[in-house]
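**Q** Each chain, written out:
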Amino acid sequence: MNEQILEVRNLSKSFPVNRGWFGFNKRQLRAVRAVSFSVHKGETLGVIGESGCGKTTLARMLVGLQSPDTGEIRIDRQHLHKLDSVQRGRAVQYVFQDPISSLNPRMTIGRSLETPLRCLHSLTSTQRKAAIFEIVDAVKLPVDSLTRYPHEFSGGQAQRIAIARALLAQSPLIVLDEPVSALDVSVQAQIIELLTEIKQKFDLTYIFISHDLAVIEAVCDHIAVMYFGEIVEYGDCSQILLDPKHPYTRLLASSAPQIGKSLTAESGIGQLPDPLDPPGGCSFAARCRYATNECIQLQTPRKKTGDSNYVICHHPIVNHE
Amino acid sequence: MIPVLIGITAIVFLIMSLIPGDPATAILGSYATPENVANLNAKLGLDKPAIQRYLIWLGNLAQGDFGRSFSLNRPVLDEILERFNATLILSGTAYLLCSFLGVLAGIVSASRQYEISDKLITFVVLIGISIPSFFLGMMLIVFFTVQLRWLPASGMFAIYGGGDFADLISHLIMPALALSFVATGVIARLSRSTMLEVLRLEYIRTARAKGVKEFRVVTRHALRSAVVTILPVLGLQAGFVLSGSVYIEIVFQWPGIGRMLVDAILTRDILLVQGGVVFVAFCYVFFNLAVDVLQLWLDPRIARK
Amino acid sequence: MIAFVKKVVRNRLAGLGLVVLFVIIVLAILTPLLPLAPPNAIDTPNRFVLPFSDNALLGTDHLGRDLLSRLLWGTQLSLAVGLAAAFIAGFFGALLGIVAGYLGGRADSLIMRSVDILMAFPYILLALAIVAALGPGLMNALIAVAVVNIPFFARNVRGVTVTLAQADFIQSARLSGRSDISILVFELLPNVASVIIIAFSTTVGWMILETAGLSFLGLGSQPPQADLGSMLGEGRAALITNPHTSIIPGIMIFLIVMGINLLGDGIRDALDPRLAKGQLEKPSPLTRIDDCLIQSPPIVSTASKAVMDVNHLSTNFEVGEVVKKAVRNVSFSINAGECLGLVGESGSGKSVTALSLMRLVASPPGVVVSGSVRISDQELLSLPYEDMRAIRGRTVAYIFQDPLTSLHPLHRIGHQLTEAMSTHNRGADSAFVERAKNLLSEVRIPNPERVMDAYPHELSGGMRQRIGIAMALANDPDLIIADEPTTALDVTVQAQILAILKDLRQQRGLSILFISHDLNVMAQICDRVAVMYAGEIVEMGRAPDILEHPKHPYTAALLACSPQIGHGRQSLQPIAGMPPTGHEPLNACAFANRCSRVQPVCHQQPVEVVDMDSQLVRCLFPVVES
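Residue numbers (this note's numbering), protein chains in the order written: chain R, 1 to 321; chain H, 1 to 305; chain W, 1 to 626.
Incorrect hints may appear among the rest.
In silico DSSO-like cross-links for lysine-lysine, where the CA-CA straight-line distance does not exceed 30 Å [unchecked claim]: (1) R:K304 <-> R:K41; (2) R:K82 <-> R:K140; (3) W:K6 <-> W:K502; (4) W:K502 <-> W:K305; (5) W:K7 <-> W:K437; (6) W:K502 <-> W:K7; (7) R:K140 <-> R:K303; (8) W:K7 <-> R:K261; (9) W:K437 <-> H:K213; (10) R:K129 <-> R:K201; (11) R:K199 <-> R:K129; (12) H:K119 <-> W:K437; (13) R:K140 <-> W:K6; (14) R:K261 <-> R:K41; (15) H:K119 <-> W:K502.
What the hints contain is simulated information worked out from the structure, not anything from laboratory work.
Construct all of the structure, not just a fragment, from the sequences and the given hints.
**A** What follows is the structure, given as structure tokens:
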């Protein structure tokens with residue numbers, strides 16, 4: 001196995017929420033709760049979860065756009081929070097869900113692409129030009145794009161530009177936050193293909209965040225299932241999807257519509273617990289059909305289910321029904 | 001709220017303490033002996049440090065003591081209350097007028113976009129926001145008083161034999177019109193564009209898809225949302241109407257607080273200026289508080305934030 | 001720059017404002033060079049000379065001074081002072097706003113609290129207080145007006161800056177290694193600039209008015225020097241006897257301010273991104289029908305058992321000269337109890353088709369240009385508004401994509417449900433309320449009583465979409481048009497909503513037109529599927545046939561490029577090129593440019609629909625399974 005490139009330990013993040021009159025009763029919304037995992041060089045880790053599960057907060061912490069309350073992030077054994085912005089930019093990059101909004105509307109694509117080269121690597125103008133031409137070619141953008149403005153591009157093209165910018169920072173690790181969710185299926189496939197291609201070419205490591213299980217399965221080696229700010233199941237992607245151990249993972253898999261298979265998912269109301277008033281025990285207990293009293297009362301244990309796989313559940317599903 | 005009120009007094013005090021020379025000289029005239037000036041300064045507490053003077057003044061304000069106007073030789077608060085009454089009649093009338101007409105014009109204009117009524121309203125509104133209110137007031141006098149001899153040009157009541165309600169109204173019409181015209185324009189423009197924006201929203205399409213009558217779509221669905229946007233601006237417009245009343249009071253010799261302030265500035269009656277400014281600003285703050293409460297009631301989404 | 005001026009002048013009134021302003025400014029600049037009488041030369045014997053006299057074109061004032069000369073000098077002064085005040089206010093206000101908005105935290109609250117306090121004064125009080133302190137005089141009036149307007153700029157600019165500072169592109173710039181200063185200058189400022197310019201252009205007229213006002217009160221320019229405001233103030237004394245001394249400066253102020261306001265509107269329209277496509281237009285209650293269609297309605301055979309028949313429907317978006325063909329020649333029918341799926345990528349015209357049926361496409365810019373939509377022998381496209389309204393919500397009801405934006409945010413859920421009923425039925429409110437609660441239980445909302453009193457923002461996305469469904473059911477319609485009803489929802493919630501819709505179909509025998517971009521969702525609920533591409537239906541048939549044995553290359557390619565669960569790591573086969581833009585050629589196959597089976601002939605002729613084993617396919621070289 002390759003060496004570790006990213007190690008995350010016990011990461012938590014809360015946001016203060018004002019509720020009630022005059023800002024009394026300041027309360028904390030716990031977006032990410034004690035998340036730990038590691039990623040090895042060259043692998044793709046998929047993070048899956050529904051809206052509100054904290055996956056975007058996690059992603060933003062990984063690139064330093066938000067600072068965690070507790071816990072630590074290490075990239076290549078260096079603490080992320082000890083790096084200055086230039087070192088950080090060289091260590092890890094981020095691709096946004098909405099590519100057009102991630103590009104300055106009043107700047108040509110060429111200038112946007114130049115920024116990481118000038119600010120992170122202090123290259124001369126000729127060097128910058130050469131690097132940009134190389135990358136523009138790698139992401140299959142027409143060369144005349146460089147003189148145009150973001151609003152002239154479709155979502156798919158703009159995502160290529162955003163990926164190009166991340167590549168120009170030459171960081172070995174890229175966090176992709178729902179990179180294909182805003183795109184049409186046909187374009188989504190183009191971008192996924194591109195990501196696979198450049199990963200090999202530039203020897204990259206991905207953290208791929210998505211709400212779409214099928215997309216995650218198509219691109220990831222490992223998967224972390226997030227629910228209500230926690231990773232409830234982690235492990236080898238195909239093993240977990242073939243045989244989910246956590247009831248939530250199974251619910252996710254069975255909720256995804258598929259051609260030639262009719263849905264058998266729960267139809268009752270399944271909602272996240274109130275994030276301002278989280279339950280003491282397992283946060284999924286209220287929706288879980290295997291839930292018992294201990295699920296509601298006790299802290300949920302972490303159980304090893306394979307080489308690197310684990311699940312956080314009192315009653316992991318034993319055999320595949 | 002409280003910090004805002006204290007902030008207002010602090011700013012007023014700060015500005016007033018920028019005045020060069022000392023008030024005692026201003027009061028006693030330039031022939032006063034140094035001893036007289038020193039005595040008066042001690043009497044007025046002007047020999048104390050600024051922060052102490054401010055606190056004393058603030059304490060007095062809290063007890064309703066605004067000091068004594070030297071130019072009028074009477075308590076500042078008495079004068080203010082008397083004058084404010086007149087200002088309230090004028091500005092209040094103008095404010096109600098511009099809120100009602102402005103919103104109405106905006107709705108008509110938006111729901112009949114590009115029709116003749118829309119064009120007419122847009123034209124009148126353009127004049128409204130471009131004409132100085134004092135100039136408009138003067139033109140009204142030229143037209144209605146000088147040419148047509150319909151309405152009196154000055155004061156709040158006729159000097160001889162006036163004093164009843166009809167007399168007040170006849171004196172009020174022109175100043176109120178002149179004062180409300182600008183604000184009507186501003187509100188109408190805002191109402192029109194807000195309505196046009198709201199009418200494009202998805203829930204308006206939902207209402208139409210439900211088969212709701214178009215009149216109801218405009219009044220119950222679109223207007224309901226537009227009001228939430230318009231209301232804070234209506235609150236701000238109260239400040240503009242109050243401000244405009246200073247000019248209008250001069251033009252029509254209306255015995256209001258604006259005229260009092262201008263006179264007080266020209267005679268350098270600082271306590272009167274200070275008291276008048278603080279008083280009106282406080283009223284304005286309370287008015288906007290009321291608007292905020294109304295807004296809270298109209299928009300359930302705010303309460304949640 | 002030239003392009004910008006052109007854009008501004010596109011608004012003809014703004015052009016007029018520009019001309020008026022240009023003339024006045026040129027006159028003001030040239031004033032010292034013009035052969036004018038000295039503005040302050042007193043000539044008492046010739047006082048109050050009327051305009052158009054021999055020696056004084058605009059007459060003289062109470063001291064016999066030449067009004068034309070005074071007017072031009074006064075204009076120069078007023079413009080200079082007003083503009084100076086506006087620049088000062090704009091500069092400091094914008095500076096404070098940007099600093100507060102970008103830094104946030106302590107600096108922000110300190111600056112904004114001060115701004116709040118300054119804005120708590122009716123503006124003139126503050127101006128008066130400042131003039132009172134500094135003493136009357138034009139410079140002091142300038143300072144007063146500038147100070148009073150700083151908070152306005154600061155607040156506006158700060159609001160925009162706060163939003164921008166959170167924007168993705170600022171975050172990207174940070175990740176690209178830009179320092180704070182460089183973000184502020186290179187990334188933020190160019191984007192805030194337009195807001196500053198808009199705020200400036202819409203308030204500079206106001207500031208000229210204010211300085212004139214202070215002069216009018218005698219607190220601005222002091223005699224003998226006169227700006228327009230003090231001319232008006234001096235004229236007031238002789239208002240009754242010699243109104244021309246007031247009217248002349250008054251009209252000049254009016255012209256200046258009007259010119260600025262007109263121009264300001266034009267600038268705002270040109271810079272405001274919301275107005276990028278022209279003025280805000282009010283959508284009419286019915287989509288416009290093209291004149292040709294009204295004059296010669298299509299002849300359609302009336303014998304049909306379907307709930308709805310759609311024939312050769314075409315809808316365009318017309319913005320100025322640009323015509324975008326969103327829906328082209330679409331025909332389908334929906335039978336009783338059937339669920340027909342309409343699937344396609346963005347820009348395929350599926351939503352526009354759905355909205356065209358009840359003539360709900362926003363118009364302008366939407367126009368239905370051809371075709372027919374019939375419900376039991378009634379032609380909808382030629383119905384007058386009242387008849388159309390009676391069908392909407394009663395015979396045909398809609399469920400929209402995003403339940404947060406499609407429910408009225410300020411109306412209670414109960415009200416929105418009962419309104420749907422009371423619109424089409426007479427009856428007691430209590431009966432409607434009772435029925436609404438039943439509907440809520442029917443869409444499996446626990447505790448309907450409480451939800452009736454709730455506002456949409458208090459509910460989760462899944463709950464809101466249940467409300468949307470309940471509202472569609474309110475009048476027991478024959479057909480429900482569901483426009484991407486699950487797209488905005490999480491996958492587990494989507495499964496719940498699909499289950500509800502399925503059950504309702506069985507219980508009520510509903511007909512549904514189900515629009516989605518997701519073939520997997522289609523497979524769950526639809527009996528038949530129509531695949532749309534570039535405004536056309538390219539394939540239509542029974543759902544299992546289409547989804548498992550597609551015949552059109554587009555359908556096949558779409559299936560091949562969507563990842564499937566349980567297939568492990570897979571390489572997808574993307575479709576080259578970009579989704580339809582609405583500008584595809586009309587006399588060729590619209591998909592030809594992206595098709596892997598394309599032949600030269602595909603580019604040369606329009607492709608007709610062929611029937612292959614009751615599967616309609618618009619292709620010359622359909623996929624045939626061996």
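**Q** Holds or violated: K502 of chain W and K7 of chain W, Cα atoms, limit 30 Å.
**A** violated (52 Å)
**Q** Are the Cα atoms of K140 of chain R and K6 of chain W separated by 30 Å or less?
**A** violated (36 Å)
**Q** Check the hint pairing K82 of chain R with K140 of chain R against an upper bound of 30 Å on the C-alpha distance.
**A** violated (36 Å)
**Q** Does the alpha-carbon distance linking K304 of chain R and K41 of chain R stay inside the 30 Å limit?
**A** holds (23 Å)
**Q** Under the criterion that the straight-line Cα-Cα distance not exceed 30 Å, is the pair K129 of chain R, K201 of chain R satisfied?
**A** With a Cα-Cα distance of about 20 Å, the restraint between K129 of chain R and K201 of chain R holds, given a limit of 30 Å.
**Q** Given the hint that K7 of chain W pairs with K437 of chain W, test it: the Cα-Cα distance must not exceed 30 Å.
**A** violated (53 Å)
**Q** Would the pair K261 of chain R and K41 of chain R pass a check requiring their Cα atoms to be no farther apart than 30 Å?
**A** Answer violated: K261 of chain R to K41 of chain R is near 37 Å, above 30 Å.
**Q** Given the proposed pairing of K7 of chain W with K261 of chain R, does the C-alpha separation stay at or below 30 Å?
**A** Status violated; Cα separation ~55 Å.
**Q** Given the hint that K140 of chain R pairs with K303 of chain R, test it: the Cα-Cα distance must not exceed 30 Å.
**A** It is violated: about 45 Å lies between the C-alpha atoms, which goes past 30 Å.
**Q** Does K502 of chain W lie within 30 Å of K119 of chain H when you go C-alpha to C-alpha?
**A** Not satisfied, since the Cα-Cα distance of roughly 51 Å exceeds 30 Å.
**Q** Assess, step by step, whether the Cα of K6 of chain W is no farther than 30 Å from the Cα of K502 of chain W, and give holds or violated.
**A** violated (55 Å)
**Q** Quick one, are K502 of chain W and K305 of chain W close enough, alpha carbons at most 30 Å?
**A** holds (23 Å)
Of the numbered hints stated above, those contradicted by the structure are hints 2, 3, 5, 6, 7, 8, 12, 13, 14 and 15, listed in ascending order.
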